[in-house]
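Q: Residues per chain are reported as follows:
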Amino acid sequence: MSTTSQTSTSRESAPSLVGGIPQVIECSDYTVEVVSDSGEGAQKCGQTFAGVSAKMGNGVWTVEIIPAEIQPPARTPGGASGVRIRIGSETVTNWGDETKLVVAFNEQVLLARHRLEALADDALILIDSMWEKHEDADIRAAWAAAMEELAAKNYRFVPVPMWEQCLEVVDNPRLGRNMFVLGMLSEIFCRDLDHVRQQIAHQFRKKGDEVIQVNVQLMEMGAAWAKTNLGLEVKIASKPYAQPMIVMNGNQAAGLGAMAAGLDLCAMYPITPATSVSHYLGEVFDRVGGILHQAEDEIAAAGVATGASYAGKVAFTVSSGPGLALKTETLGLAVMTETPMIVLDVQRGGPSTGLPTKVEQSDLMAALYAQPGDAPKVVLAPATIEECFHVMITARRIAETLRCVVIVLSDANLATGVTPFPRPKLDPSWQARQPDLGPVPENLRPYDWDPKTGLSRRFIPGQPGGMHTATGLVHDEGSKVNYQPDVNERAHKMRSRKLAVLQSTLQPPPIHGGDSGDLLLVGWGSTKGAIEEAVDRARAKGLAVSSTHLTFLSPLQPGLKGIFKRFGKVMTVEINYSDDLGDPYITEENRRHSQLCILLRSHTLVNVDCWTRVPGEPLRPAAILAAAANKLATGGKA
Amino acid sequence: MSLIESACSLLEAVHEVDRRFEMEDYEGGIGRWCSGCGDYSVLTAAQRLLLSEQLPPEQVAFISGIGCSSRFPHYMGTYGFHGIHGRALPFATGVKLARPDLHVFVVMGDGDCCSIGAAHWIHALRYNTDMVALLLDNNIYGLTKKQTSPTTPQGYPSNTQPHGSFLPALNPLTVSLGVTNASFVAQTADWAPGHLYATLQAAHRHKGFAFIRILQRCPKWTGDIFEEAVRKPAKTELLVHPRGVRDEDSEKIFTTHVPHDPADIHAARELAEDPSRVLLGLFYYDPSRPVYNETRKLPAHTAEEKIEILDEEMDRYAV
Chain G
24 MSTTSQTSTS
34 RESAPSLVGG
44 IPQVIECSDY
54 TVEVVSDSGE
64 GAQKCGQTFA
74 GVSAKMGNGV
84 WTVEIIPAEI
94 QPPARTPGGA
104 SGVRIRIGSE
114 TVTNWGDETK
124 LVVAFNEQVL
134 LARHRLEALA
144 DDALILIDSM
154 WEKHEDADIR
164 AAWAAAMEEL
174 AAKNYRFVPV
184 PMWEQCLEVV
194 DNPRLGRNMF
204 VLGMLSEIFC
214 RDLDHVRQQI
224 AHQFRKKGDE
234 VIQVNVQLME
244 MGAAWAKTNL
254 GLEVKIASKP
264 YAQPMIVMNG
274 NQAAGLGAMA
284 AGLDLCAMYP
294 ITPATSVSHY
304 LGEVFDRVGG
314 ILHQAEDEIA
324 AAGVATGASY
334 AGKVAFTVSS
344 GPGLALKTET
354 LGLAVMTETP
364 MIVLDVQRGG
374 PSTGLPTKVE
384 QSDLMAALYA
394 QPGDAPKVVL
404 APATIEECFH
414 VMITARRIAE
424 TLRCVVIVLS
434 DANLATGVTP
444 FPRPKLDPSW
454 QARQPDLGPV
464 PENLRPYDWD
474 PKTGLSRRFI
484 PGQPGGMHTA
494 TGLVHDEGSK
504 VNYQPDVNER
514 AHKMRSRKLA
524 VLQSTLQPPP
534 IHGGDSGDLL
544 LVGWGSTKGA
554 IEEAVDRARA
564 KGLAVSSTHL
574 TFLSPLQPGL
584 KGIFKRFGKV
594 MTVEINYSDD
604 LGDPYITEEN
614 RRHSQLCILL
624 RSHTLVNVDC
634 WTRVPGEPLR
644 PAAILAAAAN
654 KLATGGKA
Chain P
66 MSLIESACSL
76 LEAVHEVDRR
86 FEMEDYEGGI
96 GRWCSGCGDY
106 SVLTAAQRLL
116 LSEQLPPEQV
126 AFISGIGCSS
136 RFPHYMGTYG
146 FHGIHGRALP
156 FATGVKLARP
166 DLHVFVVMGD
176 GDCCSIGAAH
186 WIHALRYNTD
196 MVALLLDNNI
206 YGLTKKQTSP
216 TTPQGYPSNT
226 QPHGSFLPAL
236 NPLTVSLGVT
246 NASFVAQTAD
256 WAPGHLYATL
266 QAAHRHKGFA
276 FIRILQRCPK
286 WTGDIFEEAV
296 RKPAKTELLV
306 HPRGVRDEDS
316 EKIFTTHVPH
326 DPADIHAARE
336 LAEDPSRVLL
346 GLFYYDPSRP
356 VYNETRKLPA
366 HTAEEKIEIL
376 DEEMDRYAV
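Protein chains in written order, with this note's numbering: chain G, 24 to 661; chain P, 66 to 384.
If you are wondering where the hints come from, they were derived from the structure by calculation, not from laboratory data.
Don't be surprised by glycine CBs; every beta carbon is placed ideally from N, CA and C.
Some hints could be false.
Claimed, not checked - Partial pick of chain P residues on the chain G-facing surface, computed with a CB cut under 7 Å:
id, residue
1, Leu120
2, Pro122
3, His139
4, Gly142
5, Thr143
6, Gly145
7, Ser180
8, Ala183
9, Pro258
10, Lys362
11, His366
12, Ile374
13, Asp376
14, Met379
15, Tyr382
Said to hold, decoys possible - Non-contacting residues of chain P with respect to chain G, defined by C-beta distances greater than 12 Å in every case (computed):
id, residue
16, His168
17, Val295
18, Lys317
19, Asp339
20, Glu377
To be verified - Straight-line distance between alpha carbons at most 30 Å, and here's what the computed DSS-like set of lysine-lysine pairs gives:
id, chain 1, residue 1, chain 2, residue 2
21, G, Lys503, P, Lys211
22, G, Lys448, P, Lys362
23, P, Lys300, G, Lys503
24, P, Lys300, P, Lys317
25, G, Lys503, P, Lys210
26, P, Lys272, P, Lys362
27, G, Lys229, P, Lys285
28, G, Lys67, G, Lys229
Full structure from sequences and hints, please.
A: Here you go:
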């Protein structure tokens with residue numbers, strides 16, 4: 024996909040860089056990172072740059088690099104905070120492979136990225152020049168040691184006097200370098216500085232004109248410095264959008280989707296990386312008449328949502344893995360009482376506190392099976408930031424129609440990633456209807472399950488004639504506690520049947536690539552862009568690789584076995600743990616498979632393999648491609 | 066809602082004026098508690114209250130947790146939600162936030178409220194959401210057959226602590242009185258039905274979170290704990306004050322009266338501190354406290370209006 028062509032046609036009057044760095048790079052796809060200590064604003068810089076790029080018609084995908092602490096020690100690899108921005112001339116669906124240009128505020132945070140092998144071998148590194156000859160001998164020594172380690176690659180360094188330059192405008196460049204860097208990047212990538220100024224004015228609109236002015240000045244200074252001293256241009260073609268677009272991250276998209284679906288009560292407890300959904304709701308929700316309730320704990324959040332749904336709403340709660348675990352019992356009750364409810368689980372690395380700020384797709388089994396007893400729920404996984412918006416509308420409809428719990432599995436990659444997507448055309452029919460409080464028709468019971476579908480009509484407090492007690496105990500159609508064997512069997516069947524009814528309305532998942540071939544990759548959630556890019560690259564090499572991506576994890580979409588049979592091998596690609604064959608003690612017999620893999624093996628009886636990694640970062644297309652090639656080269660038929 | 070439907074509900078509303086509710090309108094299934102269980106007197110008092118207040122049964126929701134007392138909603142003729150252990154208060158908070166028009170009652174046992182759900186109890190007092198919370202405190206886990214609860218008296222034997230409860234009992238009154246924004250804290254007893262009823266009525270009329278601890282005999286496991294107070298009415302002391310809970314009949318039976326102004330939090334805490342006394346009455350009352358569901362009142366928009374607001378909101382993110 025990357026078609027970098029490097030030419031040396033120079034801009035007039037621009038001095039050339041040291042080290043034979045080309046002055047103009049024309050390409051369709053480029054990856055840049057800004058990395059700093061926490062609190063130095065690398066993310067603000069990167070997101071502003073990404074926003075401007077999106078406005079100019081480029082495809083953009085950003086990934087935030089976030090430490091788990093607010094203020095980890097400065098100048099430490101562990102405290103590296105930043106953002107990767109991949110810019111393309113077409114739509115960008117994932118964060119790509121390696122970074123080609125890095126702006127580093129110090130050498131220690133750069134080391135963190137180097138050690139994660141995030142940087143291309145010949146990456147161009149713009150780094151603050153203040154450290155090499157720093158007055159503190161320890162810092163000078165740390166710099167020298169870092170440079171020795173970094174010499175393992177062919178990085179090309181360009182020292183930039185960022186701090187020194189910023190001192191001309193601000194007393195403390197820790198709070199200003201990011202805007203200087205924004206200016207440099209804007210100049211390098213030929214961004215329209217008016218757009219940048221507008222974006223800065225928007226970002227700092229609450230802080231007043233003076234703040235805006237200082238930040239614009241810093242940005243302009245960075246742009247001027249780059250023009251005079253770098254003479255580097257990265258040209259990525261862009262084209263005007265065919266339709267109106269918006270640009271936001273997945274948590275904002277999910278919050279907006281929830282409101283567009285008419286969900287008007289969200290009960291939550293703060294947990295990374297889900298919390299920013301509530302920040303967004305906190306800004307907007309009360310304007311549309313919604314309540315954001317910050318509960319005393321995760322269990323209470325689920326309880327308040329359940330209570331509100333019982334009282335006529337479709338309420339939702341937002342959490343991440345550890346919170347989902349705490350909500351387990353309450354969700355079982357919601358299943359048992361057939362109270363519609365939505366749980367948005369923004370997954371992070373587990374188990375336990377795990378990787379709070381980093382991506383993993385490891386709550387699938389918990390979402391499906393955590394409850395004691397059989398507790399059928401619908402599980403959906405948005406694959407893109409755009410889908411984070413639309414999934415909430417689908418989830419609300421399903422929850423209400425089936426009187427069921429819907430779990431939406433997003434993840435940290437979607438949560439903080441920013442990309443432009445077509446502006447949704449909001450439709451009032453998406454909105455939940457106000458509960459009908461008219462009298463309940465005579466002889467109708469609160470669980471009058473349609474014997475064929477299991478569907479029944481929800482009674483809502485306030486409806487005359489509908490009085491009953493919803494209970495987590497086994498109950499009959501009248502919601503009367505009843506432990507008779509036939510009642511329990513029937514109630515189980517009815518709750519389960521609803522999923523089969525939903526499944527009967529679904530379509531088989533589309534195939535990316537050819538409809539048959541040697542290898543099918545199967546994914547779910549945020550890995551879609553990277554998997555499909557890997558498939559495209561494999562097919563360009565002549566490999567018969569395709570992929571399919573599952574939006575519905577419960578119930579599974581129809582036709583999977585038939586699709587799998589058309590491929591020589593089937594392998595899931597996921598960001599959760601599985602044993603690797605070839606590791607000590609690991610055999611075909613004792614190997615623990617990844618989560619979707621287990622599900623698909625039992626569902627289709629096909630010998631589905633898995634390739635999974637848990638690096639705490641999104642998968643890279645090149646790594647998926649290598650895994651696919653390796654799978655094709657090794658024996659064993661699916 | 067179609068025009069015809071809304072016209073029908075209008076008729077319903079007009080019709081409502083003429084509705085007269087009888088005791089049987091508030092009765093649900095037949096109680097399955099042990100004979101002599103104190104839960105029955107709370108059930109009767111609750112049904113009497115709804116009758117005297119003439120609350121439409123469909124406008125009332127009883128929310129409970131798990132345990133003997135939590136079967137309560139099943140025996141009411143109202144809406145009910147029999148939840149999971151310890152979580153009645155969050156469910157009730159959700160109900161009230163979603164539907165401020167409903168009258169919400171919460172029924173918990175001492176395990177529910179003071180042990181597994183203790184965090185919710187503290188925060189419910191602080192939220193001060195408009196509802197009545199009943200702690201049916203029999204000092205023991207009954208349904209699971211006599212395990213020590215947080216309110217079991219020190220030294221009292223159970224199946225989990227057969228040589229007697231190791232620790233002094235948790236005092237639900239001092240805990241409640243210690244929570245910022247508590248607005249109504251009362252104690253009554255199953256053997257004082259008139260006082261129980263009067264307390265429920267005052268709680269129902271209070272706008273805010275009304276917390277009532279009900280001392281309650283479990284004839285099966287802890288019948289002896291309150292025996293002395295039941296046998297010697299003078300041992301049951303009544304807090305009396307013009308702004309407190311008053312019941313003339315009870316005041317004739319229980320002749321030990323303790324003057325106490327429920328506005329006085331310090332006196333309330335001091336009185337509540339002594340576990341050897343059986344004090345019934347309103348310990349603390351402050352109707353001026355902020356009520357959570359009132360602070361969360363929001364504009365009601367039509368679907369079209371909401372869409373319009375959101376569309377405008379999206380402009381912020383427009384490319």
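Q: List, from low to high, the hint numbers that the structure doesn't satisfy.
A: 1, 7, 8, 9, 10, 16, 20, 23, 27
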